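S.K.: In case you want the letters, here they are:
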Amino acid sequence: MSKTALAFVAIETPSAISAPRGLYSWVATVDHKRIGILYLLTALVFFAAGGVEALLMRIQLARPNNTFLSPDAYDQIFTMHGTTMIFLVVMPTLIGLANYLVPLMIGARDMAFPRLNALSYWLLPCGGLLLHFSLLAGGAPAVGWFSYAPLSEPAYASTQGIDYWVLSLLILGIGSVAASINLIATILTLRAPGLTIRRLPLFVWMVFVNSFLIILALPVLNSAIVMLFIDRHLGTHFFVPSHGGSAVLWQHFFWAFGHPEVYIMALPAFGIISEVIPVFSRRPIFGYEFVAASTVAIGLLSFGIWAHHMFAVGLGRPVDLFFAASSMLIAVPTGVKIFNWSATLWGGAIRLNTAMRFAVAFLIQFTIGGLSGVTFAVVPIDWQVTGTYYLVAHFHYVLFGGTFFAVFAGLYYWFPKMTGRMLSERLGKLNFWMALIGFNTAFFVQHFLGLMGMPRRVYTYPDLPGWGLLNFISTIGAFLLGASVLVLLWNIVVSLRRGQPAGENPWQAWTLEWATTSPPPAHNFDRVPPIRSRRPLWDLAHPENPDPLVGGSTSRDEFVLDKNRVGMASFLASESAFFLMLVLAYLFYNSQPLSGPSSANTLSPLKTGIYTLCLIASSLTFWLAEKKLAAKNFFAFRRLLALTILLGTVFVLGQGLEYLHLFRAGVMVNSNLFATTFFTLTGFHGLHMCIGLVALLIVLGLSLAGDFNQGRIEAVKSVGLYWHFVDAVWLVVFSVVYLRPLL
Amino acid sequence: MLVILWLFALTVRGMQESDSPADQDSDLVVIGHQWWWEVRYPQTGVVSANEIHIPISSKWRVRLESTDVIHDFWVPQLARKIQMIPGQPNYIWLEADASGNYDGSCAEYCGEEHARMRFAVIAESPAAYAAWLSEQEKPAIVPVTDSARNGLKIFQTMTCVNCHSIRGVSVSANAAPDLTHMASRATLGAGVLSNTEANLFLWLKNPQAAKPGCFMPDLKLTDAQAGALASYLETLQ
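If you're matching them up, the sequences are chains C and S in order. Position one of the first sequence corresponds to residue 1 (the working numbering), numbered consecutively onward. Position one of the second sequence corresponds to residue 1001 (the working numbering), numbered consecutively onward.
Everything labelled a hint here was simulated from the structure, so no lab data went into it. Computed from a predicted structure; not experimentally measured. A virtual CB, placed ideally from N, CA and C, is assigned to each residue, including glycine.
Some, not all, of what chain C presents toward chain S, calculated at C-beta under 10 Å:
| no. | residue |
| --- | --- |
| 1 | P71 |
| 2 | D72 |
| 3 | D75 |
| 4 | A157 |
| 5 | G245 |
| 6 | A312 |
| 7 | D320 |
| 8 | M452 |
| 9 | M454 |
| 10 | P462 |
From just these sequences and the hints, can you work out the full model?
M.R.: What follows is the structure in structure tokens.
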């Protein structure tokens, strides 16, 4: 061990930083810790709403043929419950925790893009309020959180609830993607010296993989709901079977997002457990590499198993079998994790406090939810139990018994760091046992209800033998669970005022967030301890018995990445997923001949080909412009930049002329599915072109203002990446839409 | 991994036994509507609703369709669950080994009254099934009492015929259940009420009270009109 490796790394602290106070300082904050807390508080408000919705449903279902709620009210409530819990509670809670913890865990001062971080957060209350505004505008959506078409089409859902649902999810989706881009850039570029990828805390690992799932899966949802919105407002028929649309395509699109989403809601919870269990077992995690690698495996596999939500569709045996096999396979990496956590407990000096209790309960309940999950991969069993209360029981075991219990564990674990005070263990014990008994009472019996034939999403049920009793038991459990949350809130309120002071590291934990004060100062660290293993604080406390060096010396640390380029590349990956779905929709509807306008009889590949050449030329001129900028030839740079803008404008005008020509010929977006998919695909590309042109104009303006004379040219490089990307997308669109019929 | 391979083998075998090929004639067509089931016997032209009669021990091929949104046909004790998708018919096998009433329900959320889109499969001996079928093949009974005749007139003059069919009276519509032999069925409104004259009277007076959101409008019938109509419909054995 060299001397330099042991030295503390002092972090430069601007003298002007002092923690601002008052309400406005929270609104204006760009501090990742405050934003993380805002995320958590906002999620808590929506958790209360979603929880009350759950209890209303349980009152209605407490006995057969109950009339406490009207069918319409019940349908709105279960839709809002699902949407709220997934998009406004679980995701913000996990993103909020990541926001608070990741910079601390990697020894950074803040996220890579603090202002983008604030934007990501503020999109959350906007999206949440927009969704709930539907209540004032004719009623909440009443189609279930997966909004199956054609039930969600205007013919069957005439109120505006679904429109608010779509807009809200778009906003929330953009916020989540922005937050994830930020997390990726932060983790890749802002790690403290010595903190190599192989030494990252597992929570950071899981958040890292999770962020990739978010940036690739959320755009799939966005593309689907955009198509639904176009259907609802422009009279098109993407998902209207009576006009050639496909009801099954919606299911494919939704679940291609929906299944990765399940892991989006699980992976950070795995991360929490991977932090809590080792600390309270007083030994390092068993098989770090396996936990990390299995996370990556889950991330990859999660994109190939969506159709196991669709075994009741009648996709045919080969398709069903493929997805059955892939769904069974994903149980393997998940099982690896369960094994590693159990092995960490095995022989550990276990400190059974509230955080650890929740973690152990997570382990058992998540295993039950996982095992019932495997039964869905066995197609013939799925044919019986899908769409029933067995399914409701399954995903509540995964999401509440799993994710929420992990979040509770994390809350008891990190609350001292966030507030400087310990939560009461006495109230914590009460909180835990009530939650444990309440949860299992509420949901275990639902397995039996499903097997007895009770479908989900029913506002009432006939008085069949056993149904009333089991439902009543479930309702009692739900209320106990609700009461346990009140105990948690009480604990938080009491502990904030009178809790034991926590000190820097109350749990003798080993990761970097415990190396600073509780709560941490605005700049996080005065100095970051040396890092040579996965437990820097253990090494610090036990210089006589440090962990073995991980991954060789720190001098051959990873290459340095530029955060702007990483951020832009992540954003473009996300955009690619969005365009991929639009292209797939185009190919899906245009692979068989349609009556009416088609690519072959309305489009002119030659004319558009000329405009395409302009676009390719604009990429070339931008590339040359960048070279001139690097050579500090600012005049030539501006000239080439202007040429780029001109060529791009010619392309956009060309597209405009083509649209005009089509409109004159009577080809409108709702003429047929060719027109619908054509205008959607090229329209979104055109929108991106316009955004690109605005960005280029801004760059030109900045250049005229002399902004790049000092060599700060990251903005130019990022805009360049975007511009080349938009051009590349057009080449795909041109091949698919214009050239394909010529083949 | 071995457990998974074994599970997978079981899956393949289970699917082979329960999957139905798509390229044969069907013995039965069931069409999902918001929120009731149209039941058609293609060989005989019999049309019914919310009740499926089958003979025991014969394996029937069922074609499943939907006229509006996605429904899901599910009789837990007899067959797999399968979606009824507009524009894309699905097929399954339906077979009962023992006679009896088997509960069925819609298993895909399909709108406001998804909860009360229930049906029954009545499996009976081949002889009993044949007797039932020959009754169903006959056109509707001609009313004999004054009250029933009056009811028939109301059925024809109010808007009932726009949605309902009664073979022998008017067969143009199928937006709502076929009533040719409605008195032979056990429930009203796809499992909402048991089929008695008193319940039918209540239903006719205000369908929205019995099944909120259903597409049968409140026709503001007087007590006399509803009574006559109920007494006519309850003769349609």
